[in-house]
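*Asks:* Residue numbers (the working numbering), protein chains in the order written: chain A, 211 to 343; chain B, 211 to 343; chain C, 211 to 343; chain D, 211 to 343.
If you're looking for bench data, these hints aren't it; they were derived computationally from the structure.
All C-beta atoms, glycine included, are put in the ideal place defined by N, C-alpha and C.
Honestly, I wouldn't trust all of these hints.
Now the in silico label distances, taken between C-beta atoms and shown as ranges [unchecked claim]:
no., chain 1, residue 1, chain 2, residue 2, range
1, A, D283, B, E249, 35 to 45 Å
2, C, E249, B, D327, 43 to 53 Å
3, C, E249, D, G238, 29 to 39 Å
4, B, A233, D, D281, 22 to 32 Å
5, A, D281, B, S300, 25 to 35 Å
Okay, derived cross-link-like pairs now, DSS-like style, lysine-lysine, Cα gap no bigger than 30 Å in a straight line [as the list claims (entries may be wrong)]:
no., chain 1, residue 1, chain 2, residue 2
6, D, K321, A, K310
7, D, K321, A, K303
8, B, K321, A, K246
9, B, K321, C, K303
10, B, K216, A, K246
11, A, K321, B, K341
12, D, K321, A, K321
13, D, K231, C, K246
Number of protein chains: 4
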Amino acid sequence: MEERVKSSFEQQQFMTTLGAKLALVTEGQVVITCQKRPELTQQNGFVHAGVLTSLMDVACGYAALTVMPADADVLSVEFKTNLLRPAVASELKAIGTVVKAGKTLVFCEAKLIGNDDTLIATMQATMFCVKNE
Amino acid sequence: MEERVKSSFEQQQFMTTLGAKLALVTEGQVVITCQKRPELTQQNGFVHAGVLTSLMDVACGYAALTVMPADADVLSVEFKTNLLRPAVASELKAIGTVVKAGKTLVFCEAKLIGNDDTLIATMQATMFCVKNE
Amino acid sequence: MEERVKSSFEQQQFMTTLGAKLALVTEGQVVITCQKRPELTQQNGFVHAGVLTSLMDVACGYAALTVMPADADVLSVEFKTNLLRPAVASELKAIGTVVKAGKTLVFCEAKLIGNDDTLIATMQATMFCVKNE
Amino acid sequence: MEERVKSSFEQQQFMTTLGAKLALVTEGQVVITCQKRPELTQQNGFVHAGVLTSLMDVACGYAALTVMPADADVLSVEFKTNLLRPAVASELKAIGTVVKAGKTLVFCEAKLIGNDDTLIATMQATMFCVKNE
Chain A
211 MEERVKSSFE
221 QQQFMTTLGA
231 KLALVTEGQV
241 VITCQKRPEL
251 TQQNGFVHAG
261 VLTSLMDVAC
271 GYAALTVMPA
281 DADVLSVEFK
291 TNLLRPAVAS
301 ELKAIGTVVK
311 AGKTLVFCEA
321 KLIGNDDTLI
331 ATMQATMFCV
341 KNE
Chain B
211 MEERVKSSFE
221 QQQFMTTLGA
231 KLALVTEGQV
241 VITCQKRPEL
251 TQQNGFVHAG
261 VLTSLMDVAC
271 GYAALTVMPA
281 DADVLSVEFK
291 TNLLRPAVAS
301 ELKAIGTVVK
311 AGKTLVFCEA
321 KLIGNDDTLI
331 ATMQATMFCV
341 KNE
Chain C
211 MEERVKSSFE
221 QQQFMTTLGA
231 KLALVTEGQV
241 VITCQKRPEL
251 TQQNGFVHAG
261 VLTSLMDVAC
271 GYAALTVMPA
281 DADVLSVEFK
291 TNLLRPAVAS
301 ELKAIGTVVK
311 AGKTLVFCEA
321 KLIGNDDTLI
331 ATMQATMFCV
341 KNE
Chain D
211 MEERVKSSFE
221 QQQFMTTLGA
231 KLALVTEGQV
241 VITCQKRPEL
251 TQQNGFVHAG
261 VLTSLMDVAC
271 GYAALTVMPA
281 DADVLSVEFK
291 TNLLRPAVAS
301 ELKAIGTVVK
311 AGKTLVFCEA
321 KLIGNDDTLI
331 ATMQATMFCV
341 KNE
């Protein structure tokens, strides 16, 4: 399971572009970390909401993958981000957690937390189990 | 108004990282374009949902800024992305439109369209008017 | 198709509680109407956000049902409501429209419009096709 | 604070229509309960998604009101509902909790739980503080 997530994560070239790392893979939960860098900022020098969302989307997607059949792939159906504070922390952590796993859909939540322990953003996400037939 | 949006967009270093361009700025509507590149892809080689969301967030945010007072800045409160199809097009266009402008909050919608005319994703977003006092 | 929607709508006792009517059923679009009544109001005398959401959810759900196989049933996966103005109109109309129909999931949008032609609320919704096997 | 919430809740005639009760008011959290009744059902006899959403919206709104100034009123800006299981329980409980309170916006989350301890639905909501001037 962990290998499957690692292998898929490494194929996501956009994660390399962001400098994101897969920090933890357990059944039903995945953590992604990312350093703040100038390349990731918006007009005020905070990390961009799109980056925060990308990290949480990936954390949710792979959390969902950990509870899917071994040959399945995962696609995002929808997600919603609420932004609570500017992302000023130097390191970011996206924690994605499975809340309800169905056969076809897996519902996840994510938190985006700074290394200063602030809750920066949250996500509700629906993931789709793509069966390889 | 157009100058203000351009100037702010150029300060968003993450837009340079994505290779995104400001294609149109009119009152209540902003269009952002972006070429598909390997650096922006997820595990299947499609453009990453986080990239699509970033483009729509920026299109909505600047659409909102065009209807705000001249000295205001814009922050995203929340947005929701629905992903309708894999992003296989070689060029992407995010069209953000103001639906309702209040004094403090501006509600926007965005569409993410491929240059093959497919509707790839949609967004509902709430933007906050930051008054400089 | 129209009969199927009518028959299901009549079984929704909550629609009777709201006084909602099925006003239009076409392929990919359903319109629900509802009169403002004191029983439906919140603390300021406006129609309750929960009522507006219920009308839009049903309009989206049945719009989705019109594009599903004849023996399928529909369930809501998720929806998001943005509230743009207080609902002061005496009659409300929820227009639900299919944006993208997949085999399992159907993505819809809805608008909630007053008889004074104001746009009161919008919805993005994902509907699930329940196949009867 | 509790009086203020009670007084506002009693003016929400739609809560009487649903048969909803204010079960708990503490700083940053409000619980609403509701019995399942035929008047609240959808086509399969489950409690309607619109009812579940209404209960969570009200729980979030009043949770937000508990952290607002004494003369403020609360309006819903937006909320998203994810539906995890059919609502078959005979009694429903909506727990709304403040996650981040700003001066103008208060971000809340809600859970909708059955008396059989199932998690039926969740909500992310943004509430607006209306200052009476």
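*Asks:* Please go over all the hints and tell whether each is borne out by the structure.
*Replies:* Results for each hint:
no.	hint	result
1	D283(A) - E249(B): 35 to 45 Å	violated (21 Å)
2	E249(C) - D327(B): 43 to 53 Å	holds (46 Å)
3	E249(C) - G238(D): 29 to 39 Å	holds (30 Å)
4	A233(B) - D281(D): 22 to 32 Å	violated (46 Å)
5	D281(A) - S300(B): 25 to 35 Å	holds (30 Å)
6	K321(D) - K310(A)	holds (13 Å)
7	K321(D) - K303(A)	holds (24 Å)
8	K321(B) - K246(A)	holds (29 Å)
9	K321(B) - K303(C)	holds (24 Å)
10	K216(B) - K246(A)	holds (24 Å)
11	K321(A) - K341(B)	holds (28 Å)
12	K321(D) - K321(A)	holds (16 Å)
13	K231(D) - K246(C)	holds (23 Å)
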